[in-house]
Amino acid sequence: MIIVDTANHIAALAAKMAKPHVIAAYPITPQTTIVERLAEYVEKGELNAEYIRVESEHSAMAACIAAAATGARTFTATSSHGLLLMHEMLHWAGLARLPVVMVNVNRAIGPGWNIWSDLNDSLAQRDTGWIQFYASSNQEVFDSVIQAYKIAENEEILLPAMVSYDGFILSHTSMPVEVPEQSKIDEFLPDFKPGWILDVENPITHGNIVPPEPYMEIRYSMQKAMEKAKKVIEEIGEEYGKKFGREYGLVEEYRCEDADYVIVAMAAMAAEAKVAVDELRQKGEKVGLLKLRTFRPFPHERLKHDKMIVIDRDICPGLGGIVYNEIKGNGSEIYGFIAGLGGVDVSYKDIERMYELAKEGKEGWYPTEVK
Amino acid sequence: MKTAISIPTEGAMGKTGTWRVFHPVIDLNKCIKCWRCWIFCPDAAIDRNEHPVIDYDYCKGCGICSNVCPVNAIEMRREEK
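Residue numbers (the working numbering), protein chains in the order written: chain A, 1 to 371; chain U, 1001 to 1081.
These are calculated hints, taken from the structure and not from any lab test.
Built from N, CA and C at the ideal position, the CB exists for glycine as well.
One or more hints might be untrue.
Selected chain A positions facing chain U (in silico; Cβ < 7 angstroms) [unchecked claim]:
(1) L158
(2) T205
(3) G207
(4) V210
(5) I218
Using C-beta positions, here's what the derived DEER-type ranges look like [as the list claims (entries may be wrong)]:
(6) U:I1039 - A:D186: 48 to 58 angstroms
(7) A:P214 - U:E1050: 33 to 43 angstroms
(8) A:S56 - U:G1014: 28 to 38 angstroms
(9) A:C316 - U:V1068: 48 to 58 angstroms
(10) U:D1043 - A:E88: 23 to 33 angstroms
(11) U:G1063 - A:K228: 44 to 54 angstroms
Using the sequences provided together with the hints, build the complete structure.
In structure tokens:
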């Protein structure tokens, strides 16, 4: 069935169809309409889940962690400052190896108070042990939430997963989305089999003190799971493709075959870059796009090309573009642009302009300072 | 998959008695076997035998037993090297 709705309502629908047992959430713009819709589903009896209204995002994540530790499938959603408040608990979910699934609607961090798109909120969570997906369309939001559960709950992975997309550009924009039948989703997504469980019949302690050597083993095991996740994300993305007709992976290559330059972008910027690539191709320019879908685990091996143009809607102050710096040093000739922070509109025309500037050997803050 | 899980077993964290600065000593002449020390010990390091017996392998020397004893039968003495 094809429906037309906003990414937030689509995310709520995907979460509902994944049948979570527990939802703990706190509202924050521009995420609020996700948890409002989920509350409606629970209220109307369309979703049989425990809906916990908490007093903060820190508590929302803590509640999801506790529920997941009893073997429940969990969901929450947040944005920006809410995600930052969760930071401590994000590490906890990762190190406890609990496959909580969350949607983060990317929004700039204040001050200045700003509710528009900017990827710094979720990129600041890169070291928390969460798998991170970035979606470029409402369809991808739906598909990624469903896949996120299967990937996170995979017995070889058991890590939490976050699906992020741009505030307003996607969150409040309606697009057509093909929604599979519930029975097909159920076939794709089996019941959650936890790696460990809190059970009064068989008491264990979790989060107990761990001496140095076993602590290092825990970190090592997490790193191995992240490395394995690269393969699992590709496999589950392919399986999803066979079942539903839309295949996913770590990176989407678009018109890269004979390209002299490839543009690297994430989230909504990548959708806009596709339009720019089509326009430039029409003018005879050999340019392609590497749409980075998975930021953690980071697919270094897939992000190589002779000449690359990396567009960051984020900034690591004192270093530069975050994605640019992740890729830098791979042997490619790379031009980095910082653009669109705090929701500054970046159209395909701007991306074409960045391409022209890169060809002249220029890079930098677009359009403020390019040299 | 490795995470911080322990099944509650004696000595799961090693001999925590080595953390001690003071150790409790029970004066059995004063002890009335009310078992408050046994109830309150946060480390379950007091055994319930004929009279309370402190397990010095795991007693961290927190002094709660001494504090809750109604007849002041438990004295905290500094550990000697």
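Verification of the supplied hints:
1. Using the Cβ-Cβ criterion of 7 angstroms, the hint placing A:L158 at the interface with chain U is satisfied: the shortest such distance is roughly 5 angstroms.
2. Given the 7 angstroms rule on beta carbons, the hint for A:T205 holds: about 5 angstroms separates it from the nearest Cβ of chain U.
3. Below 7 angstroms, beta-carbon pairs count as interface contacts, and A:G207 has one with chain U at about 5 angstroms; its hint therefore holds.
4. Taking 7 angstroms as the C-beta contact cut-off toward chain U, the hint placing A:V210 at the interface holds, the least distance being around 5 angstroms.
5. Taken as an interface hint, A:I218 checks out: its beta carbon lies about 5 angstroms from the nearest beta carbon of chain U, inside 7 angstroms.
6. Look at U:I1039 against A:D186: about 51 angstroms separates their beta carbons, and that is inside 48 to 58 angstroms.
7. Separated by about 39 angstroms at the C-beta atoms, A:P214 and U:E1050 satisfy the suggested range of 33 to 43 angstroms.
8. At roughly 37 angstroms, the beta carbons of A:S56 and U:G1014 sit within the given window of 28 to 38 angstroms.
9. Range check, A:C316 to U:V1068: about 54 angstroms between beta-carbon atoms, so the 48 to 58 angstroms window is met.
10. Checked against the given bound of 23 to 33 angstroms, the beta carbons of U:D1043 and A:E88, roughly 27 angstroms apart, stay inside it.
11. As the Cβ distance of U:G1063 to A:K228 is approximately 49 angstroms, the hint placing it in 44 to 54 angstroms holds.
No hint from the list above goes unmet by this structure.
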